[in-house]
Amino acid sequence: MATTLSTPPSDTSAPKRSAGRPARRRGELRFVLACLLPALVLFVLFMVVPTVNVFRMSFFTWSGFSPDMRFVGFDNFVKLFDDQQFVRAFQNTVALLVVVTVVTMGSGLFLAAIMTRQRLRGRNLYRFVLYIPNVLSVVVIAAIFSAVYDQQNGLLNGTLRLLSLDGLQQVWLGDQDLVLWSVAISMVWQSLGYYMVLYMSSMASIPEELYEASGLDGASTTRQFFAITLPLIWQNLRTTLTFFVMSAVNLSFVLVRAMTGGGPDGSSEVLLSYMYKQAYTNSSYGYGMAIGVVIFAFSFLVSLLVSRATRREPLQF
Amino acid sequence: MKDSTRGALVVAARTLVAAVCVAAVVAARTTVGWGNLAIMLCGLAGLLAVLASYNRRYL
Chain A
1 MATTLSTPPS
11 DTSAPKRSAG
21 RPARRRGELR
31 FVLACLLPAL
41 VLFVLFMVVP
51 TVNVFRMSFF
61 TWSGFSPDMR
71 FVGFDNFVKL
81 FDDQQFVRAF
91 QNTVALLVVV
101 TVVTMGSGLF
111 LAAIMTRQRL
121 RGRNLYRFVL
131 YIPNVLSVVV
141 IAAIFSAVYD
151 QQNGLLNGTL
161 RLLSLDGLQQ
171 VWLGDQDLVL
181 WSVAISMVWQ
191 SLGYYMVLYM
201 SSMASIPEEL
211 YEASGLDGAS
221 TTRQFFAITL
231 PLIWQNLRTT
241 LTFFVMSAVN
251 LSFVLVRAMT
261 GGGPDGSSEV
271 LLSYMYKQAY
281 TNSSYGYGMA
291 IGVVIFAFSF
301 LVSLLVSRAT
311 RREPLQF
Chain B
1001 MKDSTRGALV
1011 VAARTLVAAV
1021 CVAAVVAART
1031 TVGWGNLAIM
1041 LCGLAGLLAV
1051 LASYNRRYL
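One line per chain: the protein sequences are A and B, in this order. Position 308 (the first sequence) corresponds to 308 in my numbering; numbering is contiguous. Position in the second sequence (from 1) plus 1000 gives the number in my numbering.
Where hints are given, some of them may not hold.
As the list claims (entries may be wrong) - Partner residues aside, some chain A positions facing chain B, computed with beta carbon under 8 Å:
#, residue
1, Leu80
2, Gln84
3, Val87
4, Arg88
5, Ala95
6, Val99
7, Val102
8, Gly174
9, Thr221
10, Phe225
11, Ile228
12, Pro231
13, Arg312
14, Gln316
What the hints assert, rightly or not - If you want the footprint, here are the derived chain B segments under chain A, 3+ residues with CB under 8 Å:
#, segment
15, 1029-1043
16, 1047-1059
Derived by calculation from the structure, the hints in this document are not laboratory data. The beta carbon of each residue, even a glycine, is placed where N, CA and C say it ideally should be.
Please build the complete structure, drawing on both the sequences and the hints.
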């Protein structure tokens, strides 16, 4: 503005330029909107509309096939309160979320710290071996663990027999008390390598001088981990915590579906598998969508709380 | 109380609370019911509270 005012009247180029600026800005805005439009359309079409539809359908009873759809208001949600199988699926989901997150995150951090800080021989091999499960399809992992847990010829019971520990043999996927933890072990096995590599990549970017300086001050390895490593990889930890919430809900569904089908007697049912069962097998689409709304609200709330609880200023180093 | 002693006590308390929360989640799962689900959700909330209390000094 100041430049325009101080320009001599004879110089005509400056006013022209300032008059052309809004037009140019409008053109840029149109260009940006045109670039964003395809992505926005796809996002609305495949994300917003289906999500809104889930909320809408939760207020109806519908078999999923017939043209009859009846509005029932909050009846589907009221029904959830009397459904013990839903409560069990919810409990299983929370149990998997807590246990798998704690175990995977703890082990991932521990292994990443060892492989980054200790000069282990063959650490690339260990990293490769631990990362392999992440490359495999979840269904393949389910098949592997179904074979491992097999009651007669499984690796686990076979090894126990070999070690003369017959008393410890279990029906790993048939015992109502054990089945969820058997699924939890396969979830940990599947994701451990992925999180370990993520943490390792963050740890590798921490300057070595920080460790040298703290070492000269007499800091132990544990102290270095909690005072240097953990604060400097915090942003990565935050992200992975959100991943844990999502994978506890999503990954558990695929593994439960492929390994146990929710059994025995619904003892390994998780929220998504129960929703799927209600919506597509039990022909209670509206009820299934009500469960979907609960899953959405639960995942959203936990992710929000995790984000709030772990928020901090990023450290520059 | 020395700062180092106080720090060690805080770490021990946090670890204890976190362990109790995980144990509550695992134990409450054995019985199906809204009450038990509430206990499990409290355990989850407790873990998040421990995380928030650890993170508070970095805000």
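For each hint, the structure was consulted:
Checking A:Leu80 against chain B: minimum C-beta separation of about 10 Å lies over 8 Å; hint violated. Interface restraint check for A:Gln84: the shortest CB-CB distance to chain B comes to about 6 Å, inside 8 Å, so the restraint holds. Hint on A:Val87 holds. Least Cβ distance to chain B is approximately 6 Å, under the 8 Å limit. Checking A:Arg88 against chain B: minimum C-beta separation of about 5 Å stays under 8 Å; hint holds.
Interface hint at A:Ala95: satisfied, since its Cβ lies 5 Å from the closest Cβ of chain B, which is below the 8 Å cut-off. Proximity of A:Val99 to chain B holds as hinted, the smallest CB-CB distance being about 7 Å (cut-off 8 Å). The interface hint given for A:Val102 is met, as the beta carbon of that residue sits about 6 Å from the closest beta carbon of chain B, less than 8 Å. Here the hint on A:Gly174 is broken, as its CB sits about 17 Å from the closest CB of chain B, past 8 Å.
With a cut of 8 Å, the hint placing A:Thr221 at the interface with chain B is violated, because the nearest CB-to-CB distance is about 16 Å. Interface hint at A:Phe225: violated, since its Cβ lies 13 Å from the closest Cβ of chain B, which is beyond the 8 Å cut-off. With a cut of 8 Å, the hint placing A:Ile228 at the interface with chain B is violated, because the nearest CB-to-CB distance is about 13 Å. The interface hint given for A:Pro231 holds, since its Cβ lies 7 Å from the closest Cβ of chain B, which is under the 8 Å cut-off.
With its C-beta approaching chain B no nearer than about 4 Å, A:Arg312 sits inside the 8 Å limit, and its interface hint holds. The beta carbon of A:Gln316 comes no nearer than 14 Å to any beta carbon in chain B, farther than 8 Å, and the hint placing it at the interface is violated. Residues of the segment 1029-1043 of chain B lying with their CB closer than 8 Å to a CB of chain A number 10, which satisfies the three-residue condition for coverage. Counting residues of the segment 1047-1059 of chain B whose CB lies closer than 8 Å to any CB of chain A gives 8, so the stated coverage by that chain holds, three being the minimum.
Checked against the numbered hints given earlier, this structure breaks hints 1, 8, 9, 10, 11, 14; the rest are met.
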